[in-house]
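As you go down the protein sequences, you meet chains A, B, C and D in turn. 188 is the number that the working numbering gives the last residue of the first sequence; the numbers go up by one with no jumps. 188 is the number that the working numbering gives the last residue of the second sequence; the numbers go up by one with no jumps. 188 is the number that the working numbering gives the last residue of the third sequence; the numbers go up by one with no jumps. 188 is the number that the working numbering gives the last residue of the fourth sequence; the numbers go up by one with no jumps.
Wrong hints could be hidden among the right ones.
If chains are identical, the list can't say which one is meant, so a pair holds when it fits in one copy or spans any two.
[As the list claims (entries may be wrong)] Under the rule of at most 25 Å between Cα atoms (straight-line distance), these lysine to any residue pairs were calculated in the SDA-like manner:
no., residue 1, residue 2
1, 32, 144
2, 32, 77
3, 32, 135
4, 156, 132
5, 156, 58
6, 156, 144
7, 156, 62
8, 32, 52
If you are wondering where the hints come from, they were derived from the structure by calculation, not from laboratory data.
Spelled out, the chains give:
Protein chains: 4
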Amino acid sequence: MNTPDWNVSEWLNVEGPLSLEGLKGKVVVMETFQMLCPGCVATGLPQAQRVADSFSPDDVQVIGLHSVFEHHQAQGHRAALEAFLHEYRYTFPVAIDRVDDAHRQPATMRAYGMQGTPTLVLFDRSGQRVLQHFGHLPDLVLGAKIERLKEARGGTGDQAKHEARATREDTAESCGEAGCLI
Amino acid sequence: MNTPDWNVSEWLNVEGPLSLEGLKGKVVVMETFQMLCPGCVATGLPQAQRVADSFSPDDVQVIGLHSVFEHHQAQGHRAALEAFLHEYRYTFPVAIDRVDDAHRQPATMRAYGMQGTPTLVLFDRSGQRVLQHFGHLPDLVLGAKIERLKEARGGTGDQAKHEARATREDTAESCGEAGCLI
Amino acid sequence: MNTPDWNVSEWLNVEGPLSLEGLKGKVVVMETFQMLCPGCVATGLPQAQRVADSFSPDDVQVIGLHSVFEHHQAQGHRAALEAFLHEYRYTFPVAIDRVDDAHRQPATMRAYGMQGTPTLVLFDRSGQRVLQHFGHLPDLVLGAKIERLKEARGGTGDQAKHEARATREDTAESCGEAGCLI
Amino acid sequence: MNTPDWNVSEWLNVEGPLSLEGLKGKVVVMETFQMLCPGCVATGLPQAQRVADSFSPDDVQVIGLHSVFEHHQAQGHRAALEAFLHEYRYTFPVAIDRVDDAHRQPATMRAYGMQGTPTLVLFDRSGQRVLQHFGHLPDLVLGAKIERLKEARGGTGDQAKHEARATREDTAESCGEAGCLI
Chain A
7 MNTPDWNVSE WLNVEGPLSL EGLKGKVVVM ETFQMLCPGC VATGLPQAQR
57 VADSFSPDDV QVIGLHSVFE HHQAQGHRAA LEAFLHEYRY TFPVAIDRVD
107 DAHRQPATMR AYGMQGTPTL VLFDRSGQRV LQHFGHLPDL VLGAKIERLK
157 EARGGTGDQA KHEARATRED TAESCGEAGC LI
Chain B
7 MNTPDWNVSE WLNVEGPLSL EGLKGKVVVM ETFQMLCPGC VATGLPQAQR
57 VADSFSPDDV QVIGLHSVFE HHQAQGHRAA LEAFLHEYRY TFPVAIDRVD
107 DAHRQPATMR AYGMQGTPTL VLFDRSGQRV LQHFGHLPDL VLGAKIERLK
157 EARGGTGDQA KHEARATRED TAESCGEAGC LI
Chain C
7 MNTPDWNVSE WLNVEGPLSL EGLKGKVVVM ETFQMLCPGC VATGLPQAQR
57 VADSFSPDDV QVIGLHSVFE HHQAQGHRAA LEAFLHEYRY TFPVAIDRVD
107 DAHRQPATMR AYGMQGTPTL VLFDRSGQRV LQHFGHLPDL VLGAKIERLK
157 EARGGTGDQA KHEARATRED TAESCGEAGC LI
Chain D
7 MNTPDWNVSE WLNVEGPLSL EGLKGKVVVM ETFQMLCPGC VATGLPQAQR
57 VADSFSPDDV QVIGLHSVFE HHQAQGHRAA LEAFLHEYRY TFPVAIDRVD
107 DAHRQPATMR AYGMQGTPTL VLFDRSGQRV LQHFGHLPDL VLGAKIERLK
157 EARGGTGDQA KHEARATRED TAESCGEAGC LI
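Okay, chain A solo, but in the shape it has when bound (with noise of 0.2 Å):
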């Protein structure tokens, strides 16, 4: 499993840009979204604002992506993400997922080859992608996925690299109540 980097346009909730590289020494957990999608407004965002609350931002950095792959009028314009993000209390720093006029999907789903949203993706310390995810993940799974990585301190990974593989392999779901498939 490659470790694109992130190919956004622009950053809210945060000063500057963000990036893998300036995150290492940290886990990192992305919840890929949009703002209408009813799963993630249902159960992907507010879990990921729970990941938020519940880990030291010293250990576990949450990072939302907003890849818009549908409604790009609704949904796809700075301002509303902003209403959005400010009615719901998201305080996580949230990315754009970069629009590129030749694809149906924005740069980043595209490279990281999402199914849809919401899609959870786990970083570890290094930087490397070691879970994705599209759909529900249980708290229970979660809270235990993530300390596994915090307590991998400068391991290589290997194992939680090879369960990541397992589970996205497992999530070829139909769309509905989950979530939104391209």
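Following the hints, position chains B, C and D against chain A.
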């Protein structure tokens, strides 16, 4: 409690414009909302859809009223609302409350003296407003109120009107979980 | 749909025994349950308490009927039920359905032809059984049905009876989440 | 934080008696409950089952401890508990805390200085008690704590012990939604 006409600019999810005059003979349940109001998304609109699914359309007409009083750029255009209704699978007719540049609140919201969103308004079969409630009304109570109005064919609705006034006076709630105050 | 008398051995949460005859003039909502039935604990009994809290006791009387048809040793004695009602803070009157050693089901449950627990039974103001439902009835629908019975002062309740019959025929559900089949 | 032996009278859902000594090598999650404690039924026990379903039994052993300190007649005999476990489909081993007529609380609950039910106790792979929590612990936090103990093979668990102590001091909650205080 008087009953101003609806002053709206557009209708979605329905062929032509609806009016209280044209709906005479039916009980009308109007859910006033904003698409970025968390209390509307989590509670008010799902309840409106349950009403639409639980009562015969011959007896009860559910209407959404999109009354934007904040974040106009994000939620104040038709495409945003269309995308929202599509993603959340809301099928009842929705009117866009008329924006009036001289005022922060749109026209119908202002004429009805609403305090914020979500606000539920019930109209009897003769088209008279008989209840207006800001915030959440439990399903058990709402089901009973709709049924009373259904049964009151041709009645003057005096008792219901009295109750409505009382309900409205009680609803001076603070913003937050329940909804967005003007 | 006939209306057998209640055949019960004891009453809790109330001074003397109650009867349909004595409750004439009120709508009666009877929640038939077992204290170890998960669907009753999670859904049926909380709904019964909401009904008791939402309607005037002058109009609507909520009754619990403890009809034990399994695990008699565990839940079939008064002390167990008392402890249960105390811990869960249920305040409406509860009758213990009369155990009949010749049959697995207690007397009232058998006379009413119930399929299991929870079963909701509605009686009109004249004491006639007008609806019987095994499993869960949504609050919106239950609120409407209670209100219709409240409004039908002295009526013959023909329409409600018809509806009740239809509802009951539809409820051939399997056991599990919803409740316990006999 | 010392670790008294479990002093129990019977085991359900398992062949022979279990002990901390015999479980060495596994993380042990012990859910202390009463079958008529609403907070245990609604929150604590479902969480215990989720733990049993989410972690490998080679790594994590879930145990229920039925510690009755009130309503002994109703919930203090084996048949009542068996019926409860059967109806709610709980499959993990459950021990009955030993009743001691000289005290209101049973023996293990007393030895562990518990404040009421539900109380969650975590033991590391060496059989040492490292966390004790009265009330509800969010899944995200519990998942992380279990994982940390899983990873700490042969470690001294000093950090976890410290944390456990802090958690316990924080839990002076009042009774009600969360659980039953002694």
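Verification of the hints:
Proximity of residue 32 and residue 144 under a CA criterion of 25 Å is satisfied in both settings, with 22 Å inside one chain copy and 22 Å between copies. Taking the closest pair of Cα atoms, residue 32 and residue 77 never come within 25 Å of each other, the shortest separation being 34 Å inside a single copy and 35 Å across copies. In this assembly of identical chains, the alpha carbons of residue 32 and residue 135 lie at most 25 Å apart only when taken from the same copy (12 Å versus 29 Å across copies). Taking identical chains as interchangeable, the C-alpha atoms of residue 156 and residue 132 lie at most 25 Å apart whether they share a chain (11 Å) or sit on different chains (22 Å).
For a Cα distance limit of 25 Å, the shortest separation of residue 156 from residue 58 qualifies both inside one copy, at 14 Å, and across copies, at 23 Å. With identical chains, the CA atoms of residue 156 and residue 144 are at most 25 Å apart both within one copy (18 Å) and between copies (18 Å). For the homomeric pair residue 156 and residue 62, the shortest alpha-carbon distances inside one copy (10 Å) and between copies (20 Å) are both at most 25 Å. With identical chains, the CA atoms of residue 32 and residue 52 are at most 25 Å apart within one copy only, with a shortest distance of 21 Å there and 32 Å across copies.
Consistency with the previously given hints fails for number 2 only.
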